[in-house]
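Chains as they are written, first to last, in numbering that gives the first Met the number 0: chain A, 0 to 518; chain B, 0 to 94.
Wrong hints could be hidden among the right ones.
Stated by the list, open to error - Derived pair list, reagent style DSS-like, types lysine-lysine, alpha-carbon separation capped at 30 Å:
#: 1; chain 1: B; residue 1: K84; chain 2: A; residue 2: K428
#: 2; chain 1: A; residue 1: K43; chain 2: A; residue 2: K97
#: 3; chain 1: B; residue 1: K66; chain 2: A; residue 2: K275
#: 4; chain 1: B; residue 1: K66; chain 2: A; residue 2: K428
#: 5; chain 1: A; residue 1: K234; chain 2: A; residue 2: K253
#: 6; chain 1: B; residue 1: K76; chain 2: A; residue 2: K19
#: 7; chain 1: A; residue 1: K205; chain 2: A; residue 2: K253
#: 8; chain 1: A; residue 1: K97; chain 2: A; residue 2: K302
#: 9; chain 1: A; residue 1: K478; chain 2: B; residue 2: K84
#: 10; chain 1: A; residue 1: K465; chain 2: A; residue 2: K302
#: 11; chain 1: B; residue 1: K76; chain 2: A; residue 2: K428
#: 12; chain 1: B; residue 1: K3; chain 2: A; residue 2: K490
#: 13; chain 1: B; residue 1: K46; chain 2: A; residue 2: K253
#: 14; chain 1: B; residue 1: K76; chain 2: A; residue 2: K253
#: 15; chain 1: A; residue 1: K456; chain 2: A; residue 2: K490
#: 16; chain 1: A; residue 1: K275; chain 2: A; residue 2: K464
#: 17; chain 1: A; residue 1: K275; chain 2: A; residue 2: K302
#: 18; chain 1: B; residue 1: K84; chain 2: A; residue 2: K490
#: 19; chain 1: B; residue 1: K46; chain 2: B; residue 2: K68
#: 20; chain 1: A; residue 1: K478; chain 2: B; residue 2: K5
#: 21; chain 1: A; residue 1: K490; chain 2: B; residue 2: K76
#: 22; chain 1: A; residue 1: K478; chain 2: B; residue 2: K3
#: 23; chain 1: B; residue 1: K68; chain 2: A; residue 2: K243
#: 24; chain 1: A; residue 1: K253; chain 2: A; residue 2: K62
#: 25; chain 1: A; residue 1: K45; chain 2: A; residue 2: K275
#: 26; chain 1: A; residue 1: K428; chain 2: B; residue 2: K68
#: 27; chain 1: A; residue 1: K464; chain 2: A; residue 2: K293
#: 28; chain 1: B; residue 1: K46; chain 2: A; residue 2: K490
What the hints assert, rightly or not - Heads up, incomplete: computed chain A residues facing chain B, CB under 10 Å, no partners named:
#: 29; residue: N213
#: 30; residue: L214
#: 31; residue: Y217
#: 32; residue: V220
#: 33; residue: G222
#: 34; residue: R225
#: 35; residue: S393
#: 36; residue: G422
#: 37; residue: L424
#: 38; residue: K428
#: 39; residue: G485
#: 40; residue: P487
Hints listed in this document are in silico derivations from the structure and should not be mistaken for laboratory results.
Every residue, glycine too, gets a C-beta built ideally from N, C-alpha and C.
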Amino acid sequence: MKNALGVEIPEYIEGLGELKPFQGVWESIIGDEIPSTNIVRTLKAKKAHTSKLCGDLKEAIQKCNPFDGMTVTFHHHLRGGDGVLMQTIEILDEMGIKDITLASSSLTSAHDGLVPYVEKGMITRIFSSGIRGRLGEIISMGKLKHPAIIHSHGGRVRDILTGRIKPDLSVLAASAADEEGNATGAHGPSAFGSMGYADIDARYSKNVIIVTDNLVDYPCVPGSIRQHFVDHIVKVDSIGDATKIASGTTRITKSPMDLRIARIAATVIEHSGLFKDGMSFQVGAGGASLAVAKFLREDMKRKDIKGSFMIGGVTSYGVDMLNEGLFQAIFDVQSFDAAVSTSVLNNPQHIEITCDQYANPNNCGAMTNKLDVVVLGALEVDVDFNVNVITGSSGEIRGASGGHSDTASGANLSVIVCPSFRGRLPIVKDRVHTIVTPGESVDVIVTERGVCVNPSKPNLAAALKKAGVKVVDINDLKKEVDTMTGVPAEKQLGEKIVALVEYRDGTIIDVIRNVENLS
Amino acid sequence: MTPKFKAQAGTFESSDIMVLIEPVSEEAGRQIDISSTVMLQFEDDIKNTINQVLDDLDIQNVHLIAKDKGALTPTIKARVEAAVKRSLGIQEGTM
Numbered sequence: 000m001k002n003a004l005g006v007e008i009p010e011y012i013e014g015l016g017e018l019k020p021f022q023g024v025w026e027s028i029i030g031d032e033i034p035s036t037n038i039v040r041t042l043k044a045k046k047a048h049t050s051k052l053c054g055d056l057k058e059a060i061q062k063c064n065p066f067d068g069m070t071v072t073f074h075h076h077l078r079g080g081d082g083v084l085m086q087t088i089e090i091l092d093e094m095g096i097k098d099i100t101l102a103s104s105s106l107t108s109a110h111d112g113l114v115p116y117v118e119k120g121m122i123t124r125i126f127s128s129g130i131r132g133r134l135g136e137i138i139s140m141g142k143l144k145h146p147a148i149i150h151s152h153g154g155r156v157r158d159i160l161t162g163r164i165k166p167d168l169s170v171l172a173a174s175a176a177d178e179e180g181n182a183t184g185a186h187g188p189s190a191f192g193s194m195g196y197a198d199i200d201a202r203y204s205k206n207v208i209i210v211t212d213n214l215v216d217y218p219c220v221p222g223s224i225r226q227h228f229v230d231h232i233v234k235v236d237s238i239g240d241a242t243k244i245a246s247g248t249t250r251i252t253k254s255p256m257d258l259r260i261a262r263i264a265a266t267v268i269e270h271s272g273l274f275k276d277g278m279s280f281q282v283g284a285g286g287a288s289l290a291v292a293k294f295l296r297e298d299m300k301r302k303d304i305k306g307s308f309m310i311g312g313v314t315s316y317g318v319d320m321l322n323e324g325l326f327q328a329i330f331d332v333q334s335f336d337a338a339v340s341t342s343v344l345n346n347p348q349h350i351e352i353t354c355d356q357y358a359n360p361n362n363c364g365a366m367t368n369k370l371d372v373v374v375l376g377a378l379e380v381d382v383d384f385n386v387n388v389i390t391g392s393s394g395e396i397r398g399a400s401g402g403h404s405d406t407a408s409g410a411n412l413s414v415i416v417c418p419s420f421r422g423r424l425p426i427v428k429d430r431v432h433t434i435v436t437p438g439e440s441v442d443v444i445v446t447e448r449g450v451c452v453n454p455s456k457p458n459l460a461a462a463l464k465k466a467g468v469k470v471v472d473i474n475d476l477k478k479e480v481d482t483m484t485g486v487p488a489e490k491q492l493g494e495k496i497v498a499l500v501e502y503r504d505g506t507i508i509d510v511i512r513n514v515e516n517l518s
Numbered sequence: 000m001t002p003k004f005k006a007q008a009g010t011f012e013s014s015d016i017m018v019l020i021e022p023v024s025e026e027a028g029r030q031i032d033i034s035s036t037v038m039l040q041f042e043d044d045i046k047n048t049i050n051q052v053l054d055d056l057d058i059q060n061v062h063l064i065a066k067d068k069g070a071l072t073p074t075i076k077a078r079v080e081a082a083v084k085r086s087l088g089i090q091e092g093t094m
């Protein structure tokens with residue numbers, strides 16, 4: 000069957016069950032709800048004054064009675080420094096557990112060690128918002144038994160609430176925790192900031208283990224994870240590589256290309272009609288995206304604009320803007336650099352939120368639905384404004400869906416910033432290799448050669464032209480770029496589906512097929 | 000014409016190409032070794048561009064090594080021409 004974007008979606012996939020095709024950004028909402036079955040919380044009990052502390056991670060895992068075919072979940076707040084996920088998989092492998100479904104909120108460069116466990120069939124299913132590096136390559140070559148499912152951040156919460164992902168064991172790292180399981184990432188030697196992605200696992204997993212390198216006196220404050228969801232606590236020497244967990248201060252790019260694109264994007268925002276007191280704003284941490292914040296900051300000061308809130312994906316740059324009074328509050332689901340943790344801990348206007356509150360399409364208060372402006376990156380865009388952030392130039396999986404489609408759908412103005420070509424590869428295509436965010440929810444694409452406005456927003460195009468912004472038809476931009484770079488040869492793709500891209504409402508928006516060779 | 004000296008032009012920066020020329024004996028023919036970050040997408044295109052410049056400069060016997068980081072066609076042409084002229088000792092302007 001074909002979905003609304005013309006992609007052929009299988010009705011059923013062995014090991015994953017029935018699939019629903021994407022119908023449109025808001026088509027799943029009937030009246031005021033999205034019809035779906037919701038799971039119930041596992042009921043847990045414990046006698047008074049008994050200890051949850053375990054000697055080591057292995058003992059804690061053993062107490063959870065691991066079994067073949069189980070689902071193990073993690074959060075990715077430790078980013079590239081994560082030492083907990085690999086350790087857990089190694090222990091489960093030593094115990095002889097097989098046929099594991101791995102459901103981490105994302106997978107990073109710290110998880111290339113999963114490759115042998117996927118190749119030998121110990122891990123047979125993967126749910127994640129992102130897959131990169133060598134792991135992405137072997138999945139692209141078809142080495143994972145069942146297709147990987149790429150979900151959005153909000154979509155993952157829905158996946159757990161509807162039972163699509165059924166966590167049997169959740170091993171959640173914290174930079175501080177107490178003996179009952181109150182846990183946080185806001186302080187401690189390995190502080191990583193918000194624990195927003197871990198909340199849903201803690202609430203709905205059958206077994207929750209908190210792993211920390213910093214066991215503090217009771218009670219641990221703030222309780223990002225609360226004790227009444229936690230089964231076991233393990234004190235370890237290290238939860239990972241602190242230098243990669245807390246990656247210093249995010250700096251604004253010095254790339255002239257990124258800065259030029261960002262300058263244009265900030266001008267687009269200024270003339271969008273949304274640049275006024277009370278504006279809310281989200282920006283990614285990537286090169287051109289974060290640089291937009293720099294120019295917006297200058298523009299807000301110049302015009303004396305006071306915004307309402309920022310969400311994210313928070314960098315120290317956002318914290319600076321909060322401290323300057325440019326915004327009233329930050330809602331923080333994920334902190335990108337070390338300097339942010341202190342702000343989460345000490346500033347009451349810097350509010351840690353769960354991913355449920357951030358972006359879950361199946362609730363009535365997702366922050367993304369209250370967002371005015373979001374600035375997002377892209378690996379590829381197409382003439383229908385669809386965006387690919389998951390597959391690279393050879394068709395290999397090498398990116399992350401993250402909150403891309405969540406924020407694009409909710410924001411009044413979703414701005415994509417990208418160069419028109421990168422290292423000779425044109426970024427504007429007739430059709431992106433993989434659709435993660437549908438063009439329906441993308442308003443503007445900003446490149447160094449001009450700004451493309453979605454034809455569904457003619458008033459915006461007119462306002463930008465009036466303000467002197469170079470607005471170009473995206474088909475013309477594509478032709479111009481192709482003339483410079485030449486048209487790349489077609490990718491060599493196989494027939495096998497190696498991954499499914501799940502839209503935030505749980506429907507399938509695209510499929511990823513295996514690649515024959517990678518450059 | 001036949002290159003007399005080892006010569007090079009270009010850099011290893013993104014969107015540039017490094018071209019190395021090694022003299023070979025007369026009648027050895029052209030040997031062109033290309034590596035590129037966009038090999039899958041533009042291998043034939045890069046090869047054709049290099050051959051065209053060599054044709055224009057009437058170079059039949061040469062060993063040319065190209066390490067490409069996604070250079071556009073005009074860049075490739077300029078780097079090949081510069082490398083060849085240096086290898087012939089006929090470059091003009093400052094070095």
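Now for the hints, and whether the structure bears them out:
no., hint, result
1, K84/B <-> K428/A, "38 Å, violated"
2, K43/A <-> K97/A, "26 Å, holds"
3, K66/B <-> K275/A, "50 Å, violated"
4, K66/B <-> K428/A, "26 Å, holds"
5, K234/A <-> K253/A, "41 Å, violated"
6, K76/B <-> K19/A, "51 Å, violated"
7, K205/A <-> K253/A, "47 Å, violated"
8, K97/A <-> K302/A, "60 Å, violated"
9, K478/A <-> K84/B, "34 Å, violated"
10, K465/A <-> K302/A, "19 Å, holds"
11, K76/B <-> K428/A, "26 Å, holds"
12, K3/B <-> K490/A, "40 Å, violated"
13, K46/B <-> K253/A, "34 Å, violated"
14, K76/B <-> K253/A, "29 Å, holds"
15, K456/A <-> K490/A, "33 Å, violated"
16, K275/A <-> K464/A, "20 Å, holds"
17, K275/A <-> K302/A, "9 Å, holds"
18, K84/B <-> K490/A, "36 Å, violated"
19, K46/B <-> K68/B, "14 Å, holds"
20, K478/A <-> K5/B, "39 Å, violated"
21, K490/A <-> K76/B, "26 Å, holds"
22, K478/A <-> K3/B, "42 Å, violated"
23, K68/B <-> K243/A, "28 Å, holds"
24, K253/A <-> K62/A, "51 Å, violated"
25, K45/A <-> K275/A, "53 Å, violated"
26, K428/A <-> K68/B, "21 Å, holds"
27, K464/A <-> K293/A, "23 Å, holds"
28, K46/B <-> K490/A, "19 Å, holds"
29, N213, "41 Å, violated"
30, L214, "47 Å, violated"
31, Y217, "53 Å, violated"
32, V220, "47 Å, violated"
33, G222, "46 Å, violated"
34, R225, "48 Å, violated"
35, S393, "6 Å, holds"
36, G422, "3 Å, holds"
37, L424, "6 Å, holds"
38, K428, "12 Å, violated"
39, G485, "5 Å, holds"
40, P487, "3 Å, holds"
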